[in-house]
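Chain residues, written in single-letter form:
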Amino acid sequence: MSDTNVKEKVVNAIKAIKNGPRAGRLYMETCAKCGTCASVCPIYHGKSEKRYNPAERTDLIRRIYRKYCTITGRLFGKWAGAEDFNPEDIEEWRSIFYECTGCRRCATYCPFGIDHSVMTRKGRAILDMLGKTPDTMQKVVDISLETGNTDGANDVAFKAAIEFLEEEMEEEHGIPIKIPVDVEGADYFYVPPSGDVLVNPEATMGLAKVFHILGMADKWTMSSKCFDGANYGLFTGNDGDMKKDNELYVQEAKDLKCKTMLMGECGHAYRIMKMMMEKTGWWGELPFKVENCMEWTADRIKEGHFEFDKSKNPQPVTYHDPCNFGRSCGITEDPRVILQAACADFREMYPNRGENWCCGGGGGLSAMDDIIEFRMEVSGVKKLEQVRDTGAKYIATACSNCKRQLTQLMEHHDEEIDVGGVHDMLSRSILINGKAADRKEYV
Amino acid sequence: MESLRFLFGVILPYVAVIVFLLGMIWRFLTWKKLASPPMTLFPASTSGGSPTLNTIKESVFFSSLFKGDRLLWIIAWIFHLVLVLIILGHLRVFTNIDQLLMSLGMSEDAILAMSTGAGGAAGVIILAATVLLLVRRLAIPRVREITGFADYLALLLIGAIIITGNIMRFGPEHFDLVLTREYFADLATFRNFTDIAALQNGTFVLHMSLAFLLIMCMPFSKLLHFGGIFFTHQLIRK
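Same order as they appear, the protein sequences are chains A and B. Counting in the working numbering, the first sequence runs from 1 upward without gaps. Counting in the working numbering, the second sequence runs from 1001 upward without gaps.
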């Protein structure tokens, strides 16, 4: 692609901001440059450089918008903060727009509620349009669109993994506990992140135990086609990819005739299903509703269905609110209900819930090992401080990306702190026939 | 000289008010007609769940900023609060509201005391707040590095308006209330565009011209945050 061509495409994409959605245009015209976003940003906290300043990142786009779309920009040029696009900047953009985790903490504290993640995603969408999405990210999208999951696993591998989990549970409790697969007509269709089947499977075992104890083992199912809610179109800014990935799951939910799509411990997957797909009606009226497995389990705990042996989880446990669950979906109490029921020593980290600091791997960054130095030494620094302050030895979190980032972060900084899911802790201490799991190490 | 007075004393006020009104209306209408899919940010229901209530809370108390940057909140909130009081105080300059105030039970002395006391204090406080905003902008790296010429210009313009206002209040060349009211009455009723007595006061002309310039710039500058705030918070509270 020639430079003129690139320039034309980028400028047109930025000009299009004025036609909506409303957020983009307002963000072009409202910032007062007060610097509050930088003071609450995990990246800027890790390293206070201009390139990490959220208002500056948004200004990369805003300057071009001013140049082409505002009267003052056209009249006064750079005196009014307007600048033309320079095609040579694209390589720099590739880094800068992937140095924001899209955690939306800025929006929580900005006096105008400006959500810089919207402009980060816009910047990424522009890169994607030019075929300039970082290779590590594009690969995940491609694999997911090709195989239906971000690990590139097929149904044989999936079924083998499920069989393994069933064997493990039988060993733990001495009785068979089922994980139904491809059952048409089951009420609940469980959609975890694939990591919760293939990498850290305890969360899926925990949920299987919940259904088992309730006598609902035949009321739920997984799918050997659709076992990964992860959807990286959200991260690359490509709406087409995001919807294509999503459509497969919606179709499968319809084919299985489920009443509830029960999302697993994956923040962005739940956000896309609940806050985007369901709320804005991507596919019209749906024959099922979207619920999260933590909500579901927490409600059953509150109804008093379960007993726990907390001595199985004696270590101090803290909960890291994934940004997509906390700030973007309001799921904050349910994981705490589960952890407090299942663990002997639950500790909060501060601040938490909607004000929690990002792990430093949000927005898909967790999957990018080419920027691991940045994730460990810049974006993850605040989280490390927060975790250390709790004295916890286990960080529970409900997101595969957070888990990966946190695991690497603890290793990198020589902390002997385990990282895992929420249902994992339930799986280790919930009583079946009066007995908790006789557990092996899975890690 | 007379033509300059005509330009700044007559043309500018009309142009500024028209540009401001049309500009703001145009902004509001374009914002309103754009699609806005929900992008809720939690906790969303701090004000009983109503986005409108939340917007009012944010606009009046700057509650997000209160949590985010306490120091800036103090300066910014005082700045804007005093600004609103000063604008209200200027009503008495535009037109005679003394009768109204008296009917509310204020004595003539009390009105005068309020004007000089509260008005004088407001002029000093807002000048201090403006200086602090400027100092903050220069002193804190995360603010300085995102500050452009226009951001400084806005503060300097506001500072100049405040200073000329204070000169008229505290300086020897105090402006004439009666003449000023006459002038604004004439402007409002479209008559007597020449030989305006109030415009003989150079400081007054400067103060007023800068103020109308500021009003005129509002829809096209960072000052537009005055309009944006009523929309941006709605987006994340649906």
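Hints are computed from structural coordinates only; laboratory data are not their basis. Possibly wrong hints are sitting among the right ones.
Unchecked claim - Calculated pairs, DSS-like style, for lysine-lysine (alpha carbon to alpha carbon, straight line, at most 30 Å):
(1) K274(A) to K1238(B)
(2) K1238(B) to K302(A)
(3) K393(A) to K1033(B)
(4) K7(A) to K244(A)
(5) K302(A) to K132(A)
(6) K1033(B) to K15(A)
(7) K1032(B) to K302(A)
(8) K1238(B) to K78(A)
(9) K243(A) to K1067(B)
Bear in mind the structure is a predicted one, so any value in this text is a computation, not a measurement.
Q | Hint check, failures only | A | Result: hints 3, 5, 7, 8 and 9 break, sorted rising.
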